[in-house]
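Quick note, the sequences are listed as chains A and B, same order. Quick note on this note's numbering: the first sequence kicks off at 55 and runs consecutively. Quick note on this note's numbering: the second sequence kicks off at 55 and runs consecutively.
Among the hints, erroneous ones may be present.
One copy or any two copies: either way a pair holds, since identical chains are not told apart in the list.
Cross-link-like lysine-lysine pairs, in silico, PhoX-like; alpha carbons within 20 Å at most [claimed, not checked]:
(1) Lys663 <-> Lys308
(2) Lys803 <-> Lys243
(3) Lys594 <-> Lys560
(4) Lys451 <-> Lys617
Everything labelled a hint here was simulated from the structure, so no lab data went into it. Small disclaimer: the values here were computed from a predicted structure and weren't measured.
Number of protein chains: 2
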Amino acid sequence: MGRIFTKNIKALAKTAASLDETLFHNANGYIGVRGSLEEGVPHDFNTMRGTYINGFYDIVDMKQAENLCNLIEKKETMLNVADTQTIYLTVNGEPFSLLTGDIVKCKRSLDMDEGVTTREVVWKSPKGDKVGINIKRMTSFEELSLFTIEYEVTALSKDAKVMFSSAHIPEVSNYSDASDPRLAAESPKFINLVDSGIWDGTSYALAETTRSGLKVCSMVSHTVSDPKARLCTVRDGNGNMICDVVCDVKKGEKVTLVKYSIFTDSLRFEDPVAAAKEKMSVVMEDGLPYYYNKQRLYLKNYWKNSMLEIHNDARMSEAVSFNMYELLCSSAKDSFGNIAAKGLSGEGYEGHYFWDTEMFVLPYFVLTDPYLARMLLRYRYRTLDKARENARLMGHKKGALFPWRTITGVECSGYFPSGTAQYHIDGDIAYSIINYYLVTGDLDFIKECGEEVLIETARLWLDVGNYVGGTFRINDVTGPDEYTCMVNNNYYTNMVAAYNLRWAVKLYKLLEEKGLAGALKKKIKITEAELKEMSEAADKMYFAPLSKDGVIPQDDSFFDKPKWNIKGTPKDKFPLLLHYHPLHLYRYQVCKQADTVMAFFLFGDMIDKKTQEKSFEYYEEVTTHDSSLSKCAFSVVASKLGMKDKAYKYFGNSAEFDIRNLHDNTQYGVHTANMGGSFMAVVYGFAGLSITEKGISIAPFVPDKWTGYSFKINYMGSRVRIDVTKDNVTVTLEEGNPFTMEIYGRKRKISKTTDVIII
Amino acid sequence: MGRIFTKNIKALAKTAASLDETLFHNANGYIGVRGSLEEGVPHDFNTMRGTYINGFYDIVDMKQAENLCNLIEKKETMLNVADTQTIYLTVNGEPFSLLTGDIVKCKRSLDMDEGVTTREVVWKSPKGDKVGINIKRMTSFEELSLFTIEYEVTALSKDAKVMFSSAHIPEVSNYSDASDPRLAAESPKFINLVDSGIWDGTSYALAETTRSGLKVCSMVSHTVSDPKARLCTVRDGNGNMICDVVCDVKKGEKVTLVKYSIFTDSLRFEDPVAAAKEKMSVVMEDGLPYYYNKQRLYLKNYWKNSMLEIHNDARMSEAVSFNMYELLCSSAKDSFGNIAAKGLSGEGYEGHYFWDTEMFVLPYFVLTDPYLARMLLRYRYRTLDKARENARLMGHKKGALFPWRTITGVECSGYFPSGTAQYHIDGDIAYSIINYYLVTGDLDFIKECGEEVLIETARLWLDVGNYVGGTFRINDVTGPDEYTCMVNNNYYTNMVAAYNLRWAVKLYKLLEEKGLAGALKKKIKITEAELKEMSEAADKMYFAPLSKDGVIPQDDSFFDKPKWNIKGTPKDKFPLLLHYHPLHLYRYQVCKQADTVMAFFLFGDMIDKKTQEKSFEYYEEVTTHDSSLSKCAFSVVASKLGMKDKAYKYFGNSAEFDIRNLHDNTQYGVHTANMGGSFMAVVYGFAGLSITEKGISIAPFVPDKWTGYSFKINYMGSRVRIDVTKDNVTVTLEEGNPFTMEIYGRKRKISKTTDVIII
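So here's chain A without its partners, still in its complex pose (with noise of 0.2 Å):
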């Protein structure tokens, strides 16, 4: 297989670098260490030279233009924590850097079957010395708080005296730019040094948050494969450990400094430098080549469930293994953290979770491996208190509203016309519960935690609505489109209110059934009364009549308005929203992404099929996709309606969104959402699955320029393994119990024995 990103580097370039720390950044759910090169680079080359931890987090203050009544003046903002990266190597007296002497060679490679980053260089030096470079990064799947660092030098050329001086710097900074709404505009320094020391060679540092009184350890050891060579650690003038070594290297010989770094913090652990210390002796002893085998087994367990191929197409299915990579790479382990928007890759978003876990990343993780899903899920479910009183600060009586974007669970959007009011997000984790429990039948989740989540939400609907001649109204509201703010009757978020009103009234009668339902009665004080309001509003909700095409409207107003005219606007004024003032945006006809196709995405199946084909070409007009969060629900809405061209080019373009950097914005982070999309893309969209009530379905298509591909997944604890081509499709049930699945609108039993259906 050998699921491997190579890239090979001629000349060390300023933006390249940047890109190249997020393409090659490792990342484990708990800790990313964004790819910078050991021995740094000039400062004019503005990288985002950056360490961060998964819900780590300092509180900025966010002033208000005006100070209006509730709105949000602090933030949570994503911290960068000690550089342990930093190793300067010096080659008979002369630096090591790619700006200076000759690069013979230079490839940088991304190993996910390993679980490993490389760079592996042939450096000629000023004097003309030659050596080889061979550098191995991993952040360990096996021990969530470890970081290595191998780092192997060969004399090429003639002996060389080879010295290592390997930094562990405790004190940084934020990256910032002020001109880009979707970077901080601000660069403190977070974190404060508390306490550090070295012990036996071994450095650490405690340092704490300024304000929300978070803590973080870094402790840094080393080991060289040099049984002369003797390992030197001080502390310099600016509070930093360095670890000097000094090797003799014969010619054609080599020397190997391997860097442990170990990161705890006071989120997880009582007390983090005790933690790491225990930590550290364990993979002393265990030793790297133990962490090499771990990594590797881990991964071939996830590549086990998690599998995408194009038959005929390896550069895309590189594609496709870097997204599903990078978002295990981004994804918590446990439910401290989440999925921020740029997972562990960069500083974008100040790490803040979005909508996009549930409605992008999680509809992976469901289908592909549910523990992540479910720990992601309950990561919501432990900030609902928190929604509770962001929807009392909101001005709602009852019900919780969870914040537009966050890392406690505390809102923290400065514009609320397109944050706090995306009141959707509230529908978007309900629907993400309920999806959970369609695809894996786990209702211990719904009872412990699902539930109580769907009952909340659905309150929220009800305290923000109303009625209007019979029909349920939810106004003021801000749909997925942030061109357009403040709406009434935003299709796609009354259609997903509808839902969470029913489902929320479906599991808790479901829960009441199976006697499961008595803890979270009596905790939350659901009357019958109360899901007979639910369901009223939901059988109620109001839906603007079709324009005279037979489109459907974005909200009452969207018809109302001019087209913008995306054809007539010059490439260098996208994305819009860096060019033109909200207010002027908001009285067009004119999407930052898809809105109501997002809907058809959602709920297709509820929806009659010639207005969705009529809405989709109508909104494909009005489109301008300045979000990544927008072709990939334009491609599977554009399968399920077959319009398999259309399908294929909008996948084409999200698959490679990152890896083939396409928005020139990928040096700032990955787009996990998009990463997501991409996925359900081909399993959503081409092979056309889809799970209900009624069961799983699918009705796969191949699209023209491919012979075929394959893919897994998970269904109530089923694996099954579903090869396309253009003549048949292959069911395989690859392990668990068998099941039914409908198959171009025929039942069929997926059992052990290989299914071939011919097309």
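Once you've looked at the hints, dock chain B against the given chain A.
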């Protein structure tokens, strides 16, 4: 007559001290000095000790929580300039303070005929010495740069050694209160001393703003009545200049210190120091009595034109006179300034100019002082280019959009949904230009300034609106009601826009007819086609259909929202804006102020009366009057609709808003808009004044509790006095040419002879 407002003070109270600073401030439209106690108050009194210059400002960063495109990130703020009101008094070694010893008498007065404020004190010192203290302050209408304090001390119980220590403090800060969105949240020092000195006992200081590049010169001179006393002016360690003088005063005799302050700024004077020096020498030569006399004459003339009396209600007459006086004090006498929301009486709303000027104050000045009215309109004309820039910033390809709040014409709104989105300000300014023309017939002004504004605002409406099904719509704007933001087809906005469009064409054609349009046509390239477009948009302006009860909807979706339970809301939750998130308020039928009702005030003659009545009653129920601009509009419209009791109820409250501190925030400054509103409530309301193209008409009634009222107005250069009793209406032409006025529907010639109409 004696227009004197008086307050007896028994003890100095913290809250009252700040309120009295507003009520007894001195201002002349150029400078304003709050009525702070010369001797100061303890820090915990939290008073706002300030001196302001109309239009003098600095620039302050106003960070947006999220920096979306073209959001306003800098604002202008009115500055507190040098403190020259501080005078410490020591009597026989005991410092004078109302907080020590006994207040035998303390009376503060505002004499609106003399144009001075006075404080008369009889004070018994802690040791038992009794002195009389009379302080008279004036900001001169004759010499706008001049502020004077005449400080007289009488030895009552025994001979007294009287020592004055009079300060000139150039470096001061602005007031702040971070908890109130209506006040500045930060209190930096905006002006820095550049130069200062003492010449012949005259101190001067030149200070420069931090960022706007403006300079202000303050200059202070003293005289003392005691020929034996020596004035000694020195500079202290803080850069303050202190004039000390010691006098021996025999029992029963008195000594008087006169302090002259001159303020000049670089907006109006090329060399502020030279200008101040020249002014000071003229002032010192003329002497204080000369300026007292000029002040009296100026006001005599003012009251000759501006008069409103309630025959049997002295208290109400006082309130109305107070309002008219404060309007004169607040209003710029040149086109560099305008009328701030709080005049020159305090720092509330940061000295910004709003629509208040055009819709609430100009209607008063147009009728009483057309010169001042023209100055205020000229200010808008001076800022037209900035309004054009603002329109571009908001994405409009043509036209001008006046800022919602500003000092120099640059938009200073931090929160655009209830700021910049109030596009109706363009219509408001257009309306007031048209109104000025209808009252004065001043076509020269229309030619020189007015029509250019009308055309540019009309162009903006063309650009912001769009046709749907043959009707012209205006989407995503905010009407006057700030509890309902960013809506479609706000009734008030569409009405005022149509009026603007129609009159832009009408007056242009008039200018053309008279051969006066040439220069303008050349300057702004107006075409027949564009004029046609304007007329068409006005004719096709969309108004949402009436409710089934015949009520006009405030906007397209107003009736789709539930009504706010105003009666069920605890009193301490008002104003709602301080207690509820804006998005929550937007979701209800609840109005901060007159919106649709405001349109009835302006355009009542074009709207079906029954519809107005039903709508009026409807909006009464959903309006909280949280804005000080609300009740006067309700009063006028109630009058026009014949709801006399309601008209009186709303008026009563609005007239006494500041003089009785009814909303408990007059301490931050007077509410100029409401002051104009109280005049309108009588003249446009009770007296039923209407001035349209067809001419002038009145149809007065007398509220039950009154026996009658009298007022004066100017119309087409003539001044009439109108006396209304329960039995008759008397209209007297006091000055100018006879004209025709419709009285109760009958045309009558108004000539010198008093014309008594029996009701």
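- Query: Broken hints, numbered, in rising order?
  - Reply: 1, 2
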